[in-house]
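Trainee: Given next are the chains, with one letter for each unit.
There are 2 protein chains.
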Amino acid sequence: MSETKIVVACCQLSLAVGDADGNRAKVRSAISDAARAGARVVVLPELANTGYMFADIDELRAAAEPLNGPTITEWANLAAQYGLIIVGGFAESGDGDLVYNSAVLIDESGVRTRYRKAHLWDREKDNLFTPGSDLPPVVDTAVGRIGVMICYDLEFPEWIRMVALDGAELLCAPVNWPLYPAPNGERPTEIVKIQAGATVNRMFIAAAARVGQERGQAWLGGSVIVDADGFPLTEIQLDTETIVLATINLADARDKAISERNNVQTDRRPELYSRIGKPL
Amino acid sequence: MSETKIVVACCQLSLAVGDADGNRAKVRSAISDAARAGARVVVLPELANTGYMFADIDELRAAAEPLNGPTITEWANLAAQYGLIIVGGFAESGDGDLVYNSAVLIDESGVRTRYRKAHLWDREKDNLFTPGSDLPPVVDTAVGRIGVMICYDLEFPEWIRMVALDGAELLCAPVNWPLYPAPNGERPTEIVKIQAGATVNRMFIAAAARVGQERGQAWLGGSVIVDADGFPLTEIQLDTETIVLATINLADARDKAISERNNVQTDRRPELYSRIGKPL
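These protein sequence lines are chains A and B, in that order.
Under the UniProt record's numbering, the first residue of the first sequence carries the number 1, and numbering increases by one thereafter.
Under the UniProt record's numbering, the first residue of the second sequence carries the number 1, and numbering increases by one thereafter.
Hints are computed from structural coordinates only; laboratory data are not their basis.
Keep in mind that the hints are not guaranteed to be accurate.
Calculated lysine to aspartate or glutamate pairs in the EDC-like style (CA-CA distance at most 16 angstroms, straight line) [to be verified]:
(1) B:278 x A:271
(2) A:256 x A:267
(3) A:125 x B:186
(4) A:278 x B:271
(5) B:125 x A:267
Some chain A residues judged to face chain B by a derived CB distance under 8 angstroms, without partners named [said to hold, decoys possible]:
(6) 121
(7) 135
(8) 139
(9) 259
(10) 261
(11) 267
(12) 268
Over the 12 angstroms line for every Cβ pair with chain B, so calculated as not near, a few chain A residues [claimed, not checked]:
(13) 21
(14) 59
(15) 67
(16) 251
Only a predicted model underlies this, so the values are computations on that prediction, with no experimental measurement involved.
Where is the CB? At the ideal position from N, CA and C, for every residue including glycine.
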């Protein structure tokens, strides 16, 4: 754990169903830009190979790729070329006809983990994606322990807690937030939930989001890197393609103390929380 | 459940160790003011009978009261007189020499539940309070289902989730937040955590806090009533004694749908969350 102070980049992009080459070129260019800006960890949006607004399962199946397909192969080459850790989302064609809303963590050695989104959002459930049933992974990397989950997963505090209990110091989340109106002056609650998840676990969280319009759906943007105290380190930009960068010290996330006598992990009373794991 | 649209009041007060009569008078006056302003539910701060900055266990024991002591008796009389539901915190002398950081929910019929804080903050652990080991209660009242917890309990998303799973539509929390600096322009994370807890559960949360200085400790204020979408309904005031009021419709919290195909309770995957209830 020699290297603790690192630059994290979240690439906020506009992508589109039906433009595989365009999506791949845009992501490639963003990864290169982030690397040149000094990033060691690069986070990409959800479904970065395909866009999101599929007409139907046939269109999704045609766009999805296996783990050894051209998109992940290219990301692995870029990770090796620039010395990066890349966390990005992609539509994954799995066994048989199944398609997953997946994410990978790639380092210079290749794909370290593949995660399939466990909590599906709205139309994703509608004969499109199959939900994953594995726990969110936490990977030992050259810079520290990094957890991975995807978009709506972040709205389940249980899921965030679990990667923190597994020792994640940085949680990287590809997201694709639909634009909903927030009251005047209020920060979108997608970001509020990330701030809360970061501070109750004393863990950094980096989310890379989508912007733009896609087949009538507007995307929120709002990519953010939040520190272990729960405060954003980056300016929140809602309407523009951008790369947000922050220098973070992962050692902050290894110190779970919040007062002389308090610690966010050892103060838990797990013996009282068994209800959380039981059916409704 | 005839009455769903109700006024909730959070009384933000300055209190002091060693001034039992003064504390009681101040709380009595705040309850009366809230009732005259139309409140049906009144939330009081943590340890509203005693203040917080005890020199030692002897001072705490001398100030603590049993459930049938003068403070709770007075609150019950006020609840009956004004037709209120009151949720307030108090230092409770229990069996033997034990003292608890407790809260009550009182309605016109008297004390409906007594809850003892399960997650103790800092000096509370230092030979002062005994932690409770009961789950946070949810009470069927004339206006709807109301949950109760206290201050640092709110920083455990598991605890908030549990009252929501038990059907709480409104969570009332007596709190006593120490003042910590937040970065310029940032909302205190105590409030961010409440916003997140409200929206991931689609439940209203009302927190009544302390202000002022007490034996060198500054209190944050920040009393807030948050709606089931996670947005504050009240202006956040940090430096002044005040009563914040909001009219809420508890029916909003009975609807857990957040999209055509999503529901914050049925989308959970409890079979994957068993880790939450296990030791570290």
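Trainee: Indicate, hint by hint, whether the structure satisfies it.
Mentor: For each hint, the structure was consulted:
{"no.": "1", "hint": "B:278 x A:271", "verdict": "holds, 7 angstroms"}
{"no.": "2", "hint": "A:256 x A:267", "verdict": "holds, 10 angstroms"}
{"no.": "3", "hint": "A:125 x B:186", "verdict": "violated, 36 angstroms"}
{"no.": "4", "hint": "A:278 x B:271", "verdict": "holds, 7 angstroms"}
{"no.": "5", "hint": "B:125 x A:267", "verdict": "holds, 11 angstroms"}
{"no.": "6", "hint": "121", "verdict": "holds, 6 angstroms"}
{"no.": "7", "hint": "135", "verdict": "holds, 6 angstroms"}
{"no.": "8", "hint": "139", "verdict": "violated, 17 angstroms"}
{"no.": "9", "hint": "259", "verdict": "holds, 4 angstroms"}
{"no.": "10", "hint": "261", "verdict": "holds, 5 angstroms"}
{"no.": "11", "hint": "267", "verdict": "holds, 6 angstroms"}
{"no.": "12", "hint": "268", "verdict": "holds, 6 angstroms"}
{"no.": "13", "hint": "21", "verdict": "holds, 31 angstroms"}
{"no.": "14", "hint": "59", "verdict": "holds, 19 angstroms"}
{"no.": "15", "hint": "67", "verdict": "holds, 22 angstroms"}
{"no.": "16", "hint": "251", "verdict": "holds, 20 angstroms"}
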